[in-house]
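Participant: As a plain string of letters, each chain reads:
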Amino acid sequence: MSISTYTMPLGPVHVALEEPVYFHLTVEGEDIKNVELTSGHVHRGMERMAMQRTLVKNVTLTERVCSLCSNSHSFTYSMVVENALNLAIPERAKYLRVMAEEIKRVASHLFNTAIQAHIAGFKSLFMHVMEVREVVQDIKETVYGNRMNLASNCIGGVKCDVTNELLDYIMKQLEVLEPQTDELYDIFQTNHIMLTRTKGLGLLPTEDALALGVVGPVARGSGIARDVRRDSPYAAYPDLEFDVITEPGCCVHSRTMVRLREIKESIKLIRQCCDKMPEGPVCVHMGKIPVNEAFAHSEAPRGEVSYYIRTNGTDIPSRLKWRVPSYMNWKALSVMMKGAQIAEVALVLNSIDPCVSCTER
Amino acid sequence: MAGFLKVLFRNLLEGPSTDPFPLVPETFTPDRLRGRVVVDADLCMGCGICKYVCVAGAINITKREDSHTITIWHNACCRCAACRQYCPMKAISLVPDWHSAHPQEEKYHVLEQKTIPYQPCAVCGKMMRTVPSATLKKLYVNNHDVDLEHVRSICPSCRQLEDARRSAGLPPAAPEAPAVEQ
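Taken in order, these protein sequences are the chains called L and F.
Per numbering that gives the first Met the number 0, the very first residue in the first sequence carries number 0; after that it's consecutive.
Per numbering that gives the first Met the number 0, the very first residue in the second sequence carries number 0; after that it's consecutive.
Just so you know, the hints here were simulated from the structure itself, not pulled from any lab data.
Some clues are possibly wrong.
Unchecked claim - Straight-line distance between alpha carbons at most 30 angstroms, and here's what the computed BS3-like set of lysine-lysine pairs gives:
(1) K62(F) with K263(L)
(2) K287(L) with K89(F)
(3) K122(L) with K137(F)
(4) K275(L) with K263(L)
(5) K171(L) with K62(F)
(6) K287(L) with K106(F)
(7) K198(L) with K337(L)
(8) K275(L) with K198(L)
(9) K287(L) with K5(F)
(10) K263(L) with K198(L)
(11) K337(L) with K171(L)
(12) K5(F) with K267(L)
(13) K89(F) with K106(F)
(14) K50(F) with K287(L)
(15) K50(F) with K320(L)
(16) K5(F) with K198(L)
Just so we're clear, the structure is a prediction, and the values are computed from it rather than from any experiment.
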């Protein structure tokens, strides 16, 4: 370390979100030369907790791993248990699961976009994006009964059937949402403040993104078309039409653009689910629990989330392990932050949409 | 910038998008909102599946000789609706009542508590939980010759005996007959 550089601690409280990450920044003046992360502030021992609870209880437990991608966790957990139990779920349940997942994805992406505006100092835009997000929150509250935890999934299908009137309601709300997201896309694409703050910032070149194995919108923002929904389709995704969005910019701005364009794709997916929704039962019984192990993965709003389970013939799993997208993505921060300024740390951090509570669980 | 100015002018014209609660009596509350768990005492059989699936440990069932009590502690409940999903009697439902604020001293008393009294068996006199008529109707949907009110008034063991007697062509046991050793 030369005389002109020094180490600056940043965090762990409220760097970008209300979640703790502790950065050790080696800075030269205002410029960041090196980044090291310390984590583990919100470790709750959830994997151990899951090994002390029954398979049914763990659906609710895994839903509480994270707030914004809560549905992805219970969805993937239900899938992994169904794989271990060799359980085939009804067609209608597959569509209902995809619908809930995409509704959550829209809300999650809008939330991240709003926080991006908030950190850039554009408070009115932050409020506006949150207001647009309320349309989706209303859908969640009306259809599933809660604004965050949908409690939609259960082992063998879904708990919450969606009536035809509610499908019409969702379609009606999407009519309201779609022009507003188009407008948001234009604002983020052309607004001077947002462009000055985010364009060309936090570069993650495609080679680095590949080497670090980043997932989700971070990978797609660096031009890598990686999406579990397309690469290894699950639930109803094989029957549905959607595009994998990529942006070549590799910067904070292109990651935001990926999210905003993905909202459009999600709206398309929800519409297809409403149109194609098959009739029939929504849940099947669990049956006997064998000694088995299984794996399942899915595309959460932040990228690939994967679950591994080992059952021992009892109703309590002997091992449950999951890997969340932020774990892969936050290693990329050391590449993104190099050369950035201290004031830009929060923006770069938020661009990977970090979920600390998932990662440290 | 023009894009956002449009939003600003629209917001000026349309006014706030929030409800002025609590100045208005009600705010946006959909019918399916998971607000509070309620138990239908007419349907609860006290089987305990709700207790088995409750991850929050919010449900307790106390069984006594002549009744059982189901208690749901609202402060522990996480509204995951697993109890509603798995209840075989559909005795548990969630109502959209989200007015759950209460003083700290009352925190252990914010409960959904129902005590379900048992009836004596018309044959042996043992206390038992009578099966709701609607459930019996469903169970005996293909047996039109069964007197549902009679079936309802006797306990499962007496029902088995009666069935055995009927199959063997014997007359049904009289109500005052002593309890048969199993």
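Participant: Each hint: holds or not?
Facilitator: Against the structure, the hints:
no.: 1; hint: K62(F) with K263(L); verdict: 54 angstroms, violated
no.: 2; hint: K287(L) with K89(F); verdict: 23 angstroms, holds
no.: 3; hint: K122(L) with K137(F); verdict: 59 angstroms, violated
no.: 4; hint: K275(L) with K263(L); verdict: 18 angstroms, holds
no.: 5; hint: K171(L) with K62(F); verdict: 49 angstroms, violated
no.: 6; hint: K287(L) with K106(F); verdict: 40 angstroms, violated
no.: 7; hint: K198(L) with K337(L); verdict: 16 angstroms, holds
no.: 8; hint: K275(L) with K198(L); verdict: 39 angstroms, violated
no.: 9; hint: K287(L) with K5(F); verdict: 60 angstroms, violated
no.: 10; hint: K263(L) with K198(L); verdict: 22 angstroms, holds
no.: 11; hint: K337(L) with K171(L); verdict: 45 angstroms, violated
no.: 12; hint: K5(F) with K267(L); verdict: 26 angstroms, holds
no.: 13; hint: K89(F) with K106(F); verdict: 27 angstroms, holds
no.: 14; hint: K50(F) with K287(L); verdict: 20 angstroms, holds
no.: 15; hint: K50(F) with K320(L); verdict: 26 angstroms, holds
no.: 16; hint: K5(F) with K198(L); verdict: 23 angstroms, holds
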